[in-house]
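**Q** Protein chains in written order, with numbering that gives the first Met the number 0: chain A, 0 to 148; chain B, 0 to 148.
Don't read these hints as lab results, they were simulated from the structure. Computed from a predicted model, the values in this text were never measured in an experiment. Take the hints with a grain of salt, since some may be wrong.
The list cannot tell twin chains apart, which means a pair is met if one copy fits it or any two copies do.
Said to hold, decoys possible - Taking lysine to aspartate or glutamate and the EDC-like style, the derived pairs with C-alpha atoms no more than 20 Å apart in a straight line are:
{"hint": "1", "residue 1": "K3", "residue 2": "D139"}
{"hint": "2", "residue 1": "K3", "residue 2": "E81"}
{"hint": "3", "residue 1": "K108", "residue 2": "D118"}
{"hint": "4", "residue 1": "K108", "residue 2": "D94"}
{"hint": "5", "residue 1": "K108", "residue 2": "E25"}
{"hint": "6", "residue 1": "K3", "residue 2": "D93"}
Chain by chain, the residues run as shown.
There are 2 protein chains.
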Amino acid sequence: MGIKDDAVEVRAQGWRTLAALHGLIEAELERSLQGQAQLSVVEYTVLDALSRQDGWHMRMQQLARASALSASATTRLVNRLEDRGLLTRILCADDRRGIYTELTGSGSKLLAEARPVHDATLERTLAEAQQVPELAPLVDALPRLRAGV
Amino acid sequence: MGIKDDAVEVRAQGWRTLAALHGLIEAELERSLQGQAQLSVVEYTVLDALSRQDGWHMRMQQLARASALSASATTRLVNRLEDRGLLTRILCADDRRGIYTELTGSGSKLLAEARPVHDATLERTLAEAQQVPELAPLVDALPRLRAGV
DNA sequence: AAGTAATTGTTGCACAAGCAAATATACCGC
DNA sequence: GCGGTATATTTGCTTGTGCAACAATTACTT
């Protein structure tokens with residue numbers, strides 16, 4: 000019942016709020032991206048990460064970290080996107096274990112279509128979340144994180 | 000280039016940070032809970048939600064919302080926990096469509112064992128995240144959300 | 001220079017998730 | 001009360017995910 004226990008409960012509460020907001024946003028993004036661009040959230044995340052990368056190529060492991068996915072899931076995710084012609088695998092010459100992935104033309108084209116959908120959904124969902132008392136404080140805190148970038 | 004585009008980018012950045020922190024915490028919780036209490040994160044979430052409920056019983060749909068899971072996933076999750084003897088289904092008399100779930104003795108016992116693991120992992124992981132420049136501001140913001148509870 | 005350890009990516013397997021359909025019950029207007 | 005609609009939960013099916021084992025390449029150690 001002391002200060003220490005309070006801190007524990009505050010952390011648990013913060014985590015629940017974080018998880019709730021995350022789940023809400025992810026579900027909405029999933030619906031809109033799937034519906035309007037045939038992309039899942041992770042697929043969008045990978046394409047977006049690739050497009051924001053200098054030279055537009057990343058190694059499998061960077062992709063895995065960027066998408067918070069396991070190595071095996073990343074392999075198969077890249078397979079799917081490659082089968083759809085949205086990106087290509089490129090062996091790197093310097094480290095022959097590594098494999099680069101690079102957006103194709105249709106990959107960046109699809110991403111260009113999907114990005115407005117993504118951004119609009121994000122805006123709408125955050126506005127919705129702001130109406131939920133439990134979530135509002137976190138929503139308000141988000142834009143203040145990196146004001147200086 | 001304008002204020003509007005900046006807001007879009009700020010939101011996207013905030014979402015990426017949120018997702019990254021969420022993924023990190025969930026992965027760590029998954030490891031420690033699975034390792035020390037044979038519970039997945041969602042399973043813990045459900046047991047915890049039940050224990051924090053007045054009367055210790057909830058309907059399937061409340062459980063689905065609390066765990067950010069679909070109805071069908073909730074059914075099977077409750078099946079698993081019921082098979083392990085951690086909770087029981089109870090038909091409600093007033094609305095015979097509804098089904099209450101209630102913690103059993105071993106359910107709350109296991110939860111009591113798992114909770115310290117959960118809390119310690121949360122504390123440790125947040126401390127770790129605070130060392131990551133990208134995540135630190137969000138970690139700092141979390142405890143300030145509901146100071147008045 | 002050889003051998004061992006560490007890293008990178010892929011595959012086999014089991015499991016949990018979502019969607020849509022099915023079932024059962026409640027509610028509403030008449 | 002009766003038909004139609006809405007809600008609550010479960011089941012069939014398909015798909016994506018993680019873990020462990022594996023293959024290929026690089027780095028380290030002596």
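**Q** If the cutoff is 20 Å on CA atoms, where do K108 and D94 land: within, between, both or neither? Let me know, please.
**A** neither (30 Å within a copy, 52 Å between copies)
**Q** With identical chains, the pair K3 and D93 could be close in the same copy or across copies; at 20 Å between alpha carbons, which is it: within, between, both, or neither?
**A** Answer is neither; intra-copy 52 Å and inter-copy 42 Å both fail.
**Q** At 20 Å max between alpha carbons, let me know whether K108 reaches E25 within a copy, between copies, both or neither.
**A** For K108 and E25, the Cα distance exceeds 20 Å both inside one copy (23 Å) and across copies (33 Å).
**Q** Taking 20 Å as the upper bound on the Cα-Cα distance, should K3 and E81 be classified as within, between, both, or neither?
**A** neither (51 Å within a copy, 34 Å between copies)
**Q** Evaluate K108 and D118 at a C-alpha cut-off of 20 Å and name the case that applies: within, between, both or neither.
**A** within (16 Å within a copy, 45 Å between copies)
**Q** Can you give me the call for K3 and D139, within, between, both or neither, at a CA distance of at most 20 Å?
**A** between (27 Å within a copy, 17 Å between copies)
This entry does not satisfy hints 2, 4, 5 and 6, going by the numbered hints stated previously.
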